[in-house]
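**Student:** Make the full structure from the sequences, and use the hints.
Residue numbers (this note's numbering), protein chains in the order written: chain A, 1 to 1097; chain B, 10001 to 10466.
The set of hints was computed from the structure by calculation and includes no laboratory data.
Errors might be hidden in some of the hints.
Said to hold, decoys possible - Now the stretches of chain B that chain A is said to cover, found in silico as 3 or more residues with beta-carbon under 8 Å:
{"#": "1", "segment": "10015-10022"}
{"#": "2", "segment": "10055-10063"}
{"#": "3", "segment": "10144-10153"}
{"#": "4", "segment": "10157-10164"}
{"#": "5", "segment": "10237-10251"}
{"#": "6", "segment": "10403-10417"}
Owing to the predicted nature of the structure, the values given are computational and were not obtained by experimental measurement.
From the three backbone atoms N, C-alpha and C, an ideal C-beta is built for every residue, glycine too.
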Amino acid sequence: MATTKRYWQDLGELSDAPQVPTNEFNQPLALPDALGDKGLTGATTGRRDFLKFLGFSLSAATLAACETPVIKSIPYVTKPEDIVAGVANWYASTFYDGEDYGSVLVKTREGRPIHIKGNPRFGINLNTAARKGNINARINSSVIELYDSHRLKGPQLRTGESAWNTVDHATADKAIVDQLTKVAASGKKVVLLTNTVISPSAKAAISAFRTRFGGTPVTNADGTMTAGGNVSHIQYDTISHNGVTNANLKSFGLRVFPSYDLTKADVLVGVGADFLSGGGSGNENTWQYSVRRNPDNMSRHWQFEARMSLTGANADERVMIKPSQVPAVVIALHDAVARRTGGSAIGGSAAEGLSDRIEKCATELAAAKGKSLVLCGSNDEGTQIIVNSINALLGNYGSTIDLTDPTNFFQGDDAAVQQLVKDMNAGSIGALFIAGVNPVYTLPNGAEFAAGLAKVGLSVSFSAHADETASKCGTIFPDHHWLESWNDLSPKPGHYALAQPTINPLFNTRQWPHSLLVWSGASGSYHDHVRATFGPMADWNQSVHDGGAEIKPVQTLEITPRPFAGDLASAAASAKKSAGGAGAWEVELYTTEGIGSGQHANNPWLQELPDPITKVTWDNYVCMAPADLLELTGKQHVRDLRIGEQDKAYMVKVTANGVSLELPAVPVPGQTPKTVSIALGYGRGANGEDVGRAASLRDADGSVTVIGKSAYPLTSIVNGTVAYDAVNGSLESTGARYEMGLTQTQLTGMDRHSIIKETTLSTWRAHDPRGEKDEQNGYNEKVMLAVHEDVNHDGHINAHDKVPATEVDLWGAHPVEQVGHHWGMSIDLNTCNGCGACITACHSENNVPVVGKDEVRRSRDMHWLRLDRYYSSDMTHAKGKTEGMGKIERYLAMEEPSASPSVFFMPVMCQHCDHAPCETVCPVAATSHSNEGLNMMAYNRCIGTRYCSNNCPYKVRRFNWFNYVTEKFGEVNPAWDELGRLVLNPDVVVRSRGVIEKCTMCVQQIQAGKLAAKKAGRPVKDGEIETACSAACGTGAIIFGDLNDKDSRVAARFKDERAYHMLEEIGVKPNISYLAKVWNREEKPELAAAVTEEAHH
Amino acid sequence: MHSESSLREPLILGHRTYHDITVDLVKPIEDKAPRMWYILITIAAIIAVYGVGCILYLFSKGIGVWGLNKTVDWAWDITNFVWWVGIGHAGTLISAVLLLFRQKWRMAVNRSAEAMTIFAVIMAATFPMIHMGRIWMAYWVFPLPNQFGSLWVNFNSPLLWDVFAISTYFSVSVVFWYIGLIPDFATIRDKVVKPWQKKFYGVLSFGWTGNAKAWQRFEEVSLVLAGLSTPLVFSVHSVVSFDFATSVIPGWHTTIFPPYFVSGAVFSGFAMVQTLLLVMRKTMKLEAYVTIKHIEYMNIIIIVTGSIVGVAYITELFISWYGGVEYESYAFINRATGPYWWSYWAMMTCNVISPQLFWVRSWRRNLMFTFFMSLVVNTGMWFERFVIIVTSLHRDYLPSAWTMFHPTWVDVGIFLGTIGIFFTLYLLFARYFPVLALNELKSILKTSGESYKNGTAPGHAVEHHH
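**Tutor:** Spelled out as C-alpha cells, the structure:
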C-alpha cells in the first residue's frame, strides 16, 4: 500500500488518460552545449548543470589526488641483446684490491651487479676438488660498496682548507698536466705510491707515465735502461709481507712471495701464521687446506700462536706462545728438524716449556719430509730466513712451496716507503700520486706522512672516498669501483685473469691507470689499453668469458731458484733482536675476517659479520686471556665476564710503542696469557673523514660514532719492515664499561652430544667408513628410546626395549620421500673452517637487513645463517660424575671454557624440518611445508606472533622488530637509500616490520633451476642449483642437492658414517645434516668425551 | 525455606531486612561518590592513559620497543596475558562451580568476582593482540571467509585454540554476569529517583518485572549457564597451557601443565578477589555482607590451590630428574640456579611457602594479613608465568642461541597500564553497578542472616531442633 500522497496535475492524469505531454521537460542534455565551441557563456547549460559538473570534477580531482604508490617499470626502448628482464646474467671477473684476490662470477639483474660468487672454472682460488671458486667474505660482499652513496662523484680540486670543488675530468686533467710539466721541469721527484700492482696494463700505464714525465732515462745496475728516472713507483702493502719477500731474496736470490701447495702438505705447521685468513693467496690456501681436512686423506696441523686465530681454531694441535717467542720457537723448531734431517743447528733458542711440543712437531715434520710445510706469520726478515731454512731442510721447496712459480702479491717495500716519508718531509718530492693505499691511516708513522704530504706540491689521490689520505691531498681523481673497471691481473706468472665491468660507471670516476695514460697523452679507452696489453696471448673474447687465461707455455720464466743460501747466524741474531726487550704485556695486531685491513669499512655486511671466534660485530677490541681479564676485574668465573645486552665489556688501556689505545676487552679462551691482540682496520674516519656510508654510525641527532679505534699507530718498523707485534706493552683497566654487539654470548657447548659430534681420526678409521653405517661407532650413535613394547623379544617389557628415538613419531610422513624433489643440505664440519663467507653471501642473495650494533647487542641479529662457535670446557658430565660433582656444580663448570680450548664451528641455518615445530604453531598458517621438503615462509600472511621462533629448537627464525628498511638503522641498511637499494635481489621480497623471516634454502634459486631444467626438457642435474651459502663455500663444506636423486652428492653424504642431524632425538626430522668433526689428534676429543658412556645408559 | 545449622557462621551480620539490603547496596549508586573513589579513579586513569600511550608507541614503532630478542620472543607480553587470564578464573569458578555446589557464601562475592573476571579477560586479550608484529592483520586469527581461496587459519595451532577459548570464555562470562545483574538493575531502577538514573537502569534491566515466571526463568538460565561455564573454568587455562605444553621447548613441553595452570589460575584469581573485596568492603562499608567468614573461605581455597601448585612445581622438578632428558634437566636446574634464579625463588616463596601460612586460623581470618598475602600470591603467580616463559626460552637447546631478556620501559609501562585500565573499569563498576548480588543475598538472608539464626530478628523465633 503506497502511503505517499500523489497529486494529479491535470484532469488527464486523474482520469488515467494518455498523458500529454508524456515528459513535460523533454529537453536534450546540455552536455554537448557545455562542451561545445560556444563555451559556457553562450551555452544553454543551467546553473544546476554547472554545479553538477563542478561537483563531479571536484570529487574526481580529489580522488585522483589521493596518493597511490607509483612504481615505475620502464621497458627498454632498445633492449640490450643479452638482457632479459627477470633473468640474471653472470659475468666472469676478477677481484683485486691489494689485499684480497679472487676470480669471481658477478650476477647482474637488469644491468645491476647484485651478487658475487667464486668462479667455478678459472682462477687460482678455484677449488679443483669441489669445482668451486673460493672467495672470502670481503670479496663476495664487495658488491654493496659499489652502491655507496658516499663515494666521490667526480674529480675534486681543493679550493681551501677543507673546501673542495667537484670538476669534470677535462678541467682536472689540464690542471694536473700543467703542474706535472712544471714539476718535471723543476727536477723534483714524482712518486707513484700504489699497492702491489699485479696488472700488466697498469704497469704499462706507469711506464707511459714515466716516459712522459720522468725526464732522462736512468741506467739500472744490470745495464738495462729505465725511462723516466725522476718518476719512481713505490709499492706498499697495507699489511706488509716485506719480511717474507726480503727473506726470500736473501735465501734464494728471489724477491718474491712464494706459492704454497697445501694439498701436498701432510704435516702443516703455522707459527703465528693465520694463513686461512688474511689476504693475498688466502683464498687459495683455504681451499687447498680444506681438501686435506677430509678424513680420507687428512693432514696434521700444528699451530703455535698467541691469539686464537681462525687458522688456530682449525688446528689439530695448538700451542699458545707469546709473540716474542716466535723467533725462539722457529729457531728451536729449526734445530729440532736439523737434528733429524742432518742439517746444522743454530742453537741458543730459549723456547721455555715448549720443547716437548716442538720436539714432537719436529719429529712429525721430519717423518713427512717433502710433504710438509712450515709457515710463519712474522714479518721479520730474520725469522723468515730461518723458516725458509726449515722448509729447505725438509725438502719442501719444489713440493709444497713453489719458488719457480711464485705469486706476484706483496711486492711492497717498507724501506722505500719509509724513505719516501723522509723525502716528503725534506721537500724533495714534487708530485705524489697515491692509488689503492691509505698511508696516513695505515702507516706506523701516518702522522709523519701527513705532515710530509703538506710539503708536496702536487698531491693526487685516486681514492673513491675523501679518506684519511685523500682528504689531505690537493686533488682527488676517484677511481672506479672494481665492478665498473676493466682490468688484467696476473697473480702468478702465466696466469692472466681479466676483470670486466658489469655496470656503467655510476659516477664521474676513472680508473687510476687510465688517468696516468690520459696525462701521458694516450688516447682511447682503458678497455682498448687492456686489450692491447693482453694482445694475442689468447683469444680475448674467450678469456673475458672465462675470466682469464693460463698462458704458461708462452711465458718464459726468468727466475731460476737457487738452493737455500741464507745466513742463519745473522738471521737468528736479527730475529732475536726483533723480539728483544719483552715486557709484561705483549701486543699482537691482526686483521679480522670481515674488515681486514680496513679498506672495506664502508661495507655494512662486513661490519655486521661476526668475528668467527669472538662473535663481535661493529667493533674492534682487545682479545685477552680470560684468566688475565679475571685478574684485572677481580671476577671469579669466566661466565661472569660474559658480554651481553646489559653486561658491558670492561675497558682497558693498552700502551705500546708510546701509543695508548682504550678499547673494550673481550675474553678469548686460547689467548696466551699476558698477551693481547687487537684488530687493525677499525677507527676509520676518526677525524671526520667521510669514508663511506657504513664506516661510522650516525645517530639521529647527527653525531657520528667512529667504529672501533685504529691500531695502526701501534705498529712499528723493526729490522726495516713493519712489525705487527709490540713485545713491550702495558695494560691497565680504565674502570669504564662499554656496550658491545655479540651474536653469540655463550662460550661453551655444555657437553651436548646431539649438537656437537666429533671424534679422532683413529676412532673414525676404526669403523669402515664405506661400509654399512655403524650405529655403534662411538662418536655418532643414534639416541635410543625405551618403549612399552617387547621390541627385543626377550619376553619382558623393560628398559632394554629400545628403539631409535627418531622412529617414535606422532606424525604422518610428509610425501617427500621418493616423489619429486626432496631438497637437502649437508655440511661437513671438517672442511668448514668458520670463515663466514656464507653469511655475507646469504645477506647479499636474500636482502637480509643490516640491523646495526645496537640491535645485535639486543640479540636481534638478522643472520639467516650463523656460525655457531663452541669452545671446549674442561668439564664434562662424565668427568664430573667420576669426580662426584653435583649436577648444578657440573653445569656451572661446563660454562667455563678451557684456557686452551678446542674450537668447534657449526654453520646453522633453518634446518627445514620435515616435522617442523614452527609450522604447527602458527595460528594463520604463514609457515608451511612444501612437497619438496622445504619449510616455507609466507611473509604476507605472517602476523608476527613469533610463536614459530619460540618453538624452533634451533632458533634460526628472525623477526623484524622494527621497519629496518626505512626507519631503524636505515643509515647502515642497504635498502635505505636510492642508490643502496640497487644491490637488492629483485627475486627476494624485502620484509616489512612485524614479520618473521628465515632461511628459505634460496627457494628462488631452486625455482629458477627447476624452470631451466624444465625448459631444457631434462631432469635437474646435481649441482645445477646452488644456494647462496653452498655456492659461497669454496671449501665444499656446504653441499646442496636433491635427496631423492640417489646419485646426488648430498644423498651420498646423508649416508656417510659421520652424518648426523642436530638434535636428532627430538624427532623434527631436519633436511640439513652435518658430518661429524674429525680431529687428527691422539687424545680423546674434549667436547664429546662422554658420548659413548652417555648413550649406553 | 532451607534451614541451616546454627553452628555455621552467619553470612550476613547484624540485623538486616530485605529493605536494608536494598538500601545498603543502592546507596553508593544514589549518593555522591566518596572522595576516596575520586582519588583512586584519578590515579587508575592516569596509569591507564600512560599504558595506552605506551601501547600507541608500540604500534608506531614496532615490537622492538620491547626487550624481546631472537631467542626470547615472548616475555612480559605473554606473561601478562597468562597472568590476567588466570586472575579471570576465580569469577567463573565462584559463579558457576560454587553455584552448582550450592555454596551460599558465593552470593556476597560472585558479582564483583565476575566483574573482575570480565575486566581481567579484557586485559588478557589485549596482550595477544598487541604482541602481534602486524596488529593491523590481527583479524586473520579468526576463521573468516575470504577471497583468497583456501586461505584459512591453522587449526593445529594452540594460539588459535586460545582465540576460541578466550572468546568463548569472555562471552559466556559476560552473559552470565549480565543476566545476574538484571534483577538487581530492576531493583535499582525502582529505588532511584533521578530521571536519568531511572532511564539508565531501566534500559539495563531489560524491563524486568519480577514476577514469579521471570524468577523461575532466571533461576533456570542461571543453572544452565553455570553448567555451561563449569567446563570453561577448566578448559580456558588448559588451552592456554597448551601454548607451552604442545611445544618442543624444554620447560614448556610438560603434560602436567593443564591441571597445574588451572589450579594456579584459581589460586591467583582468588587472591585478586581478596585484594579487591577487602578494599571494597572497607570503603563501601560492606562488612555486614562480606564477613570474615567469606574471607576465610577464600583463604582456604588459596591454601588448597596453592598446595596443588606447589605439588606441581615439585613434580616438574622430579620428572626433569627422573626423565633423564639432558635438556629438560638443564632447563629446571637453570631455573633454580641460573641467571634468573631470583625469579624462580620469588615464585617458590610467594606461591608455595606463603599460602601455607594460612593453616593458622587466626592468620587466615586476619584482614591485613590476608590483604598482604593476596598481593604476594599475585606477585608470585606473575613470576610463575615469567619463569615458565623466559627461563625456558632464554637457554633452550643450542647454547649458541642462549641469551638474556631485559624488559624496557615500554614493557613495564604497558603492564602497569593494564593494571590501571583494570582498576579504572573496576572502580566504574563499583560506582555504578550493584557490587554485591543483592537479590541473591536476599535469598540467603533468612537462612544465613545472623539475626535470623540467633533469633534476634523481630518477629522471628529461633527454630527449635529436636
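**Student:** In terms of beta carbon proximity below 8 Å, does the segment 10403-10417 of chain B have 3 or more residues touching chain A?
**Tutor:** holds (count 3)
**Student:** Taking 8 Å as the C-beta cutoff, is the stated coverage of the segment 10015-10022 of chain B by chain A satisfied by three or more residues?
**Tutor:** With 0 residues in contact (Cβ-Cβ under 8 Å with chain A), the coverage given for the segment 10015-10022 of chain B is violated.
**Student:** Tell me if chain A covers the segment 10144-10153 of chain B under the three-residue, 8 Å CB rule, please?
**Tutor:** Satisfied; 3 residues make the cut.
**Student:** Please count how many residues of the segment 10055-10063 of chain B have a CB within 8 Å of a CB from chain A and say whether that reaches 3.
**Tutor:** holds (count 3)
**Student:** Establish whether the coverage given for the segment 10157-10164 of chain B by chain A is satisfied; the threshold is a Cβ-Cβ distance below 8 Å, and no fewer than three residues must meet it.
**Tutor:** Since 5 is at least three, the answer is holds.
**Student:** Would you say the segment 10237-10251 of chain B counts as covered by chain A, given the rule of at least 3 residues with C-beta under 8 Å?
**Tutor:** holds (count 5)
The structure fails hint 1 only (numbered hints given earlier).
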